[in-house]
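Colleague: Given only the sequences and the hints, what does the whole structure look like? Please build it.
Residue numbers (the working numbering), protein chains in the order written: chain A, 1 to 478; chain B, 479 to 956.
Hints may contain errors.
[What the hints assert, rightly or not] Keeping only pairs whose Cα atoms sit at most 27 Å apart, straight-line, the calculated DSS-like set for lysine-lysine is:
#: 1; chain 1: B; residue 1: 699; chain 2: A; residue 2: 221
#: 2; chain 1: B; residue 1: 520; chain 2: B; residue 2: 815
#: 3; chain 1: A; residue 1: 347; chain 2: A; residue 2: 337
#: 4; chain 1: B; residue 1: 825; chain 2: B; residue 2: 815
#: 5; chain 1: A; residue 1: 221; chain 2: A; residue 2: 125
#: 6; chain 1: B; residue 1: 787; chain 2: A; residue 2: 309
[What the hints assert, rightly or not] Residues from chain A shown here face chain B by an in silico Cβ test under 7 Å; the list is partial:
#: 7; residue: 192
#: 8; residue: 193
#: 9; residue: 201
#: 10; residue: 224
#: 11; residue: 253
#: 12; residue: 297
#: 13; residue: 298
#: 14; residue: 394
#: 15; residue: 453
#: 16; residue: 457
#: 17; residue: 460
Rather than coming from a laboratory, the hints here were simulated on the basis of the structure.
Just so you know, even glycine gets a beta-carbon here, dropped at the ideal spot from N, CA and C.
Protein chains: 2
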Amino acid sequence: MPDTQVSTPAAALLPAIRAIVGERGLITDPVDTAPYAEDWRKLYRGRTPAVIRPANTAEISAVVRLCAQAKVPIVPQGGNTSMVGGASPMEDGSEFILSLSRLNRVREIDALDMTMTIEAGVTLKAAQNAALEAGCMLPLSISAEGTAQIGGVLATNAGGNNTVRYGNARDLVLGLEVVLADGEIWNGLRRLRKDNTGYCLRQLFVGSEGTLGVITAAVLKLAPRAREIAVALCAVPDAAAALDLFGRFQAYDATTIQAFEFLSGAGVDLVLRVIPGAVLPFARPAPAYALVELATSRPDAGLRASLEKILETALADGVVTDAAIAESEAQRGAIWKLREEHSEAQKRAGASVKNDISVPVSKVAELIRRATAACEKLIQGVRAMPFGHMGDGNIHFNLVQPEGADPAWFLAQDHALMEVVNEVVRDLDGSFSAEHGIGRLKPYLMTDWRGGAELAVMRRIKQALDPNGIFNPGRVLP
Amino acid sequence: MPDTQVSTPAAALLPAIRAIVGERGLITDPVDTAPYAEDWRKLYRGRTPAVIRPANTAEISAVVRLCAQAKVPIVPQGGNTSMVGGASPMEDGSEFILSLSRLNRVREIDALDMTMTIEAGVTLKAAQNAALEAGCMLPLSISAEGTAQIGGVLATNAGGNNTVRYGNARDLVLGLEVVLADGEIWNGLRRLRKDNTGYCLRQLFVGSEGTLGVITAAVLKLAPRAREIAVALCAVPDAAAALDLFGRFQAYDATTIQAFEFLSGAGVDLVLRVIPGAVLPFARPAPAYALVELATSRPDAGLRASLEKILETALADGVVTDAAIAESEAQRGAIWKLREEHSEAQKRAGASVKNDISVPVSKVAELIRRATAACEKLIQGVRAMPFGHMGDGNIHFNLVQPEGADPAWFLAQDHALMEVVNEVVRDLDGSFSAEHGIGRLKPYLMTDWRGGAELAVMRRIKQALDPNGIFNPGRVLP
Numbered sequence: 001m002p003d004t005q006v007s008t009p010a011a012a013l014l015p016a017i018r019a020i021v022g023e024r025g026l027i028t029d030p031v032d033t034a035p036y037a038e039d040w041r042k043l044y045r046g047r048t049p050a051v052i053r054p055a056n057t058a059e060i061s062a063v064v065r066l067c068a069q070a071k072v073p074i075v076p077q078g079g080n081t082s083m084v085g086g087a088s089p090m091e092d093g094s095e096f097i098l099s100l101s102r103l104n105r106v107r108e109i110d111a112l113d114m115t116m117t118i119e120a121g122v123t124l125k126a127a128q129n130a131a132l133e134a135g136c137m138l139p140l141s142i143s144a145e146g147t148a149q150i151g152g153v154l155a156t157n158a159g160g161n162n163t164v165r166y167g168n169a170r171d172l173v174l175g176l177e178v179v180l181a182d183g184e185i186w187n188g189l190r191r192l193r194k195d196n197t198g199y200c201l202r203q204l205f206v207g208s209e210g211t212l213g214v215i216t217a218a219v220l221k222l223a224p225r226a227r228e229i230a231v232a233l234c235a236v237p238d239a240a241a242a243l244d245l246f247g248r249f250q251a252y253d254a255t256t257i258q259a260f261e262f263l264s265g266a267g268v269d270l271v272l273r274v275i276p277g278a279v280l281p282f283a284r285p286a287p288a289y290a291l292v293e294l295a296t297s298r299p300d301a302g303l304r305a306s307l308e309k310i311l312e313t314a315l316a317d318g319v320v321t322d323a324a325i326a327e328s329e330a331q332r333g334a335i336w337k338l339r340e341e342h343s344e345a346q347k348r349a350g351a352s353v354k355n356d357i358s359v360p361v362s363k364v365a366e367l368i369r370r371a372t373a374a375c376e377k378l379i380q381g382v383r384a385m386p387f388g389h390m391g392d393g394n395i396h397f398n399l400v401q402p403e404g405a406d407p408a409w410f411l412a413q414d415h416a417l418m419e420v421v422n423e424v425v426r427d428l429d430g431s432f433s434a435e436h437g438i439g440r441l442k443p444y445l446m447t448d449w450r451g452g453a454e455l456a457v458m459r460r461i462k463q464a465l466d467p468n469g470i471f472n473p474g475r476v477l478p
Numbered sequence: 479m480p481d482t483q484v485s486t487p488a489a490a491l492l493p494a495i496r497a498i499v500g501e502r503g504l505i506t507d508p509v510d511t512a513p514y515a516e517d518w519r520k521l522y523r524g525r526t527p528a529v530i531r532p533a534n535t536a537e538i539s540a541v542v543r544l545c546a547q548a549k550v551p552i553v554p555q556g557g558n559t560s561m562v563g564g565a566s567p568m569e570d571g572s573e574f575i576l577s578l579s580r581l582n583r584v585r586e587i588d589a590l591d592m593t594m595t596i597e598a599g600v601t602l603k604a605a606q607n608a609a610l611e612a613g614c615m616l617p618l619s620i621s622a623e624g625t626a627q628i629g630g631v632l633a634t635n636a637g638g639n640n641t642v643r644y645g646n647a648r649d650l651v652l653g654l655e656v657v658l659a660d661g662e663i664w665n666g667l668r669r670l671r672k673d674n675t676g677y678c679l680r681q682l683f684v685g686s687e688g689t690l691g692v693i694t695a696a697v698l699k700l701a702p703r704a705r706e707i708a709v710a711l712c713a714v715p716d717a718a719a720a721l722d723l724f725g726r727f728q729a730y731d732a733t734t735i736q737a738f739e740f741l742s743g744a745g746v747d748l749v750l751r752v753i754p755g756a757v758l759p760f761a762r763p764a765p766a767y768a769l770v771e772l773a774t775s776r777p778d779a780g781l782r783a784s785l786e787k788i789l790e791t792a793l794a795d796g797v798v799t800d801a802a803i804a805e806s807e808a809q810r811g812a813i814w815k816l817r818e819e820h821s822e823a824q825k826r827a828g829a830s831v832k833n834d835i836s837v838p839v840s841k842v843a844e845l846i847r848r849a850t851a852a853c854e855k856l857i858q859g860v861r862a863m864p865f866g867h868m869g870d871g872n873i874h875f876n877l878v879q880p881e882g883a884d885p886a887w888f889l890a891q892d893h894a895l896m897e898v899v900n901e902v903v904r905d906l907d908g909s910f911s912a913e914h915g916i917g918r919l920k921p922y923l924m925t926d927w928r929g930g931a932e933l934a935v936m937r938r939i940k941q942a943l944d945p946n947g948i949f950n951p952g953r954v955l956p
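Modeller: Set out below in C-alpha cells:
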C-alpha cells in the first residue's frame with residue numbers, strides 16, 4: 001500500500017472493515033493490478049486501498065453502512081469481465097472494491113418450478129452446470145461465462161447467443177436480494193411467476209451496473225434441458241439473405257431457434273487464416289454466413305429433418321448457396337469455432353475498433369450494408385468484420401485496421417469510426433450499446449442518446465436510491 | 479355537476495383544460511357513474527369534476543402540466559376493468575379522470591421483428607386482432623380483454639391464461655411512451671431486443687398502476703401465430719395429481735404449454751348446475767380437473783399425438799382418471815366454458831370471497847389442500863372453489879357461501895377468510911396479489927407483506943418521480 005493512500009477517508013475505514021470481514025475478507029496487497037484494479041480489456045488501471053471480500057450478505061450490509069456514513073465510494077465487482085470498464089476502480093485510489101466472490105453458493109434448485117436460487121459470486125459457468133445436474137438449463141451464455149459471476153451478469157443485464165429465444169439476463173430474473181446504499185438488505189428472493197404487489201424493483205437493479213445497489217443473490221428462471229440440438233452453417237450471398245433465412249426459421253417454429261448468428265465473409269476468412277484448426281466446411285468461401293442452432297426438449301421432434309427441409313427450400317430459392325449440418329458434437333464445435341474465434345482472430349490482425357450495437361431485427365441487413373459502406377468511405381482499406389446475434393438485432397460491428405497500417409494511427413480514428421457507425425444506428429432507431437452496457441467507457445454518449453426526460457428520470461432514481469453517490473460513481477450516468 | 483364541486487381546485491382548471499382538449503375531449507355530465515366513476519366490480523363509486531379525454535400524447539402532456547402546477551390529482555383510466563378499484567376516483571370529487579380511450583391507433587406492426595407499436599387506448603382484443611391480421615399473435619389473454627385497454631393492461635401488469643408460456647404483460651414490453659408527473663414526455667418507444675443504455679425505466683412504469691406516469695403508447699413483443707392447438711380436459715384425483723400432470727407436460731416440451739388450468743370438482747359441479755349449456759365430457763364427476771392447452775406454430779408438430787401419449791402414460795399411472803381431447807373448435811370452446819364460467823356461476827350461488835394468490839408452482843397443490851382445510855375449519859359448509867393458473871402458480875382461491883346462509887353474514891367474514899388463506903400463502907412464500915394488483919383495495923396489506931426496505935424504496939421512487947403526488951394518490955402505496 002503506498003504511503004500516499006494511508007490518509008484517505010477510504011483507508012481510514014480499514015480497521016473497522018477488518019473487524020467486520022476478518023483477515024480473510026480483506027486483500028490490501030497487491031490490489032492495483034489484474035484481476036482487481038485492471039479491467040478485462042485493459043482499458044483502465046485504477047487503484048484501491050483494498051479489495052473487500054465479505055463472506056455473506058450481512059457482512060456486505062455492515063460494510064456498506066460504514067462506507068455510507070463515511071461517504072466512501074464502493075465498486076462492486078464480480079468476475080471483472082466488463083467490456084466497458086464497469087467494475088474497475090478510479091485512478092485516485094478513493095474507491096473500495098467490493099468483491100462478491102465468496103458468496104458462491106447455489107442455495108436451491110427446483111426442477112418443477114424451474115427456478116434456481118443462487119448467490120452473486122457463483123460463476124455463470126458453475127450456475128449452468130448446477131442447472132444441468134438438476135436436469136434443467138440456465139439459458140444464458142456469454143464468452144466470459146467461465147469467469148463472469150451471476151451478480152455482474154445481472155447488474156449488467158448480460159445478453160449473449162441465446163437472447164433470440166430466452167431474452168437477456170433481465171428476462172430470467174424472478175427475485176433478487178440487494179444491499180441498498182444505506183446498508184439495508186432488501187430480500188426480494190421470491191420465486192413467483194405472478195406477483196403484482198407494488199413496483200418492480202428487481203428490474204431497476206438489473207442492468208443498473210452496480211450504481212443503485214449490490215446484488216447479493218437472485219432467483220433465476222430455468223428452461224428444460226435440450227434433448228435434441230441441430231446446428232448448421234449456411235453460406236449466403238449477403239446479410240439480407242441471412243435475414244431472410246432467419247425469417248424462415250422464425251415462421252416455422254420460433255421456439256426452437258436457440259441462436260442465429262451472422263458472420264461476414266471477411267471475418268471468417270481471417271479466422272481461417274490465423275486460427276489453427278479452423279476449417280470451413282465448404283469448397284469455397286462465401287460473401288457471408290449464417291450460423292443457426294435449433295434445440296428442443298421434445299424427445300421426438302425431428303429437428304434435424306425440419307432443419308433440412310427449411311434449408312432445402314432456402315437453397316432452391318437462392319437464399320442459401322451452400323449449407324453444412326453438423327453430424328456430431330465435434331462438427332458442432334467446429335462450426336461454432338468459426339464464430340467464437342472472431343475476437344481472437346481480429347486481435348491477431350492488428351488494431352481493431354469495436355462497436356456493440358443493435359437495431360430492430362428487420363433492419364440488421366441494412367445496418368451491416370450501410371455501416372460497412374460508411375466505414376470504407378472514411379478509411380480506405382478498413383476491414384469491416386461484423387458478426388454476432390442477428391436474431392436479436394445485436395451486431396458486433398468490429399473494424400480491423402487496413403493491412404500494413406500503423407495500429408496507433410488506426411486507433412486514433414476510433415471515435416471517427418464509431419461516429420459514422422452510430423449515425424447509421426441512430427437512423428435505424430438502434431442502440432449504441434446493445435449488451436455491453438455503459439460502465440466507464442460510454443457515459444459521455446448518454447446525454448446525446450438518452451438525454452432529456454429519460455436521463456432526468458434516471459438521475460432522480462439514482463438520487464433517490466443512492467443519495468450520497470457511494471455506488472460506482474461516474475459510471476453509467478454522465 | 480353539483481354546486482359543492484365548483485369551487486374545488488380541480489373544477490377551477492376546467493376552462494384551461496377545455497382550451498387544450500376541446501369540447502370533444504371533456505365529459506362533465508354524467509360522470510359519477512359507470513363506466514367512469516364506478517368500478518367494474520362495483521366496489522367503489524367515486525366522484526369527479528370531469529373525465530378528460532385527450533386526443534393525443536401532446537394534449538395529455540399539457541393537461542398533466544396544468545394539473546401538476548395546481549397540484550390537482552389525476553386518475554388515469556383505460557377500460558376501467560380493475561379488480562381492485564385501481565382506476566376509480568375518490569369519493570370527494572377532488573380527482574380528474576384521465577381517459578386514454580381516444581389514443582386508439584395501432585401505429586405499426588412488423589412481422590419480422592415480431593413487434594407491435596400501439597397506443598394506450600386500444601382494447602386488448604383489438605390489439606390481438608391486429609396481431610392476428612399481421613400473421614402473428616399477441617400472447618396475452620384475460621377475461622376483460624374486450625374492454626380492458628393496453629395502457630391499463632401494462633400499468634397493472636396483467637397476467638391471465640398464457641403466463642405459463644409467455645410471461646405477464648411486463649414480459650411483452652420492449653418500449654414505452656410515458657407522460658411524466660411534470661408533463662414531460664418520455665419517448666422510450668424502442669423496439670430493440672438488446673439495449674443496455676442505463677436504467678430500465680419501462681419496467682418501473684409497467685405494474686405501477688398509474689402512480690408514476692401515464693403510459694400513452696408501447697412496443698409489444700408478438701409471437702408466431704399458432705398453426706396447431708390441442709385442448710384436453712383431464713379428470714384427476716386431486717390437486718397433487720394435477721400438478722404431477724403439469725410436470726409431465728413441462729418435461730416433454732414446455733414451449734408448447736399455452737395454458738394449464740386447475741378446476742376444483744366443486745367449482746365444475748356448480749358450473750354444470752347453474753350455467754345453461756355447460757356439459758361435462760365424462761360419465762361421472764371427478765374430485766378435480768386440469769385443463770391443458772398445447773399450441774405450436776410448427777406445421778407438422780403432431781401435437782395431438784403428443785398429447786395422447788402423455789395422457790396415456792398419466793392414465794396408466796393413475797395420475798389422470800379420465801381425459802377428453804377436443805375434436806373440434808366447438809369442443810375446445812365447450813371445455814374452456816367450464817373454466818370461464820366459474821366467476822359467473824359463483825355469482826349465481828350467492829356471496830363469494832375472492833383471493834387472487836400465488837405461490838411457487840411446486841407448492842400449488844399444497845396451497846389448495848391447506849387453504850381449503852383452513853377455510854372449512856373456519857366456516858362450516860363454506861364452498862372452496864379454487865381455480866385458475868396452476869402452471870404459473872396463480873390460483874383464484876374463491877370461497878362461496880354455505881348453501882342457504884345469509885350473504886351479508888358471509889361477506890362480513892371476508893377478512894377472516896382472507897386471513898386464513900393468506901397465512902397459508904405466506905407460509906409457502908407466496909403473494910397476496912398475483913395478477914390483480916393493489917389499487918384501492920389492498921394497500922393496507924402492503925406494510926405487512928412488503929414493508930421495511932422494499933416499501934421504503936418504493937416510497938422513495940414515488941417521491942422521486944411524482945413529488946407532488948398527483949398520479950393516483952392513495953393507490954398501491956399505503
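Colleague: Against this structure, judge whether each hint is valid.
Modeller: Consistency of the hints with the structure:
no., hint, in the structure
1, B:699 to A:221, "19 Å, holds"
2, B:520 to B:815, "25 Å, holds"
3, A:347 to A:337, "16 Å, holds"
4, B:825 to B:815, "16 Å, holds"
5, A:221 to A:125, "16 Å, holds"
6, B:787 to A:309, "26 Å, holds"
7, 192, "5 Å, holds"
8, 193, "4 Å, holds"
9, 201, "6 Å, holds"
10, 224, "5 Å, holds"
11, 253, "4 Å, holds"
12, 297, "6 Å, holds"
13, 298, "4 Å, holds"
14, 394, "4 Å, holds"
15, 453, "4 Å, holds"
16, 457, "6 Å, holds"
17, 460, "4 Å, holds"
In this structure, none of the earlier numbered hints is contradicted; all agree with it.
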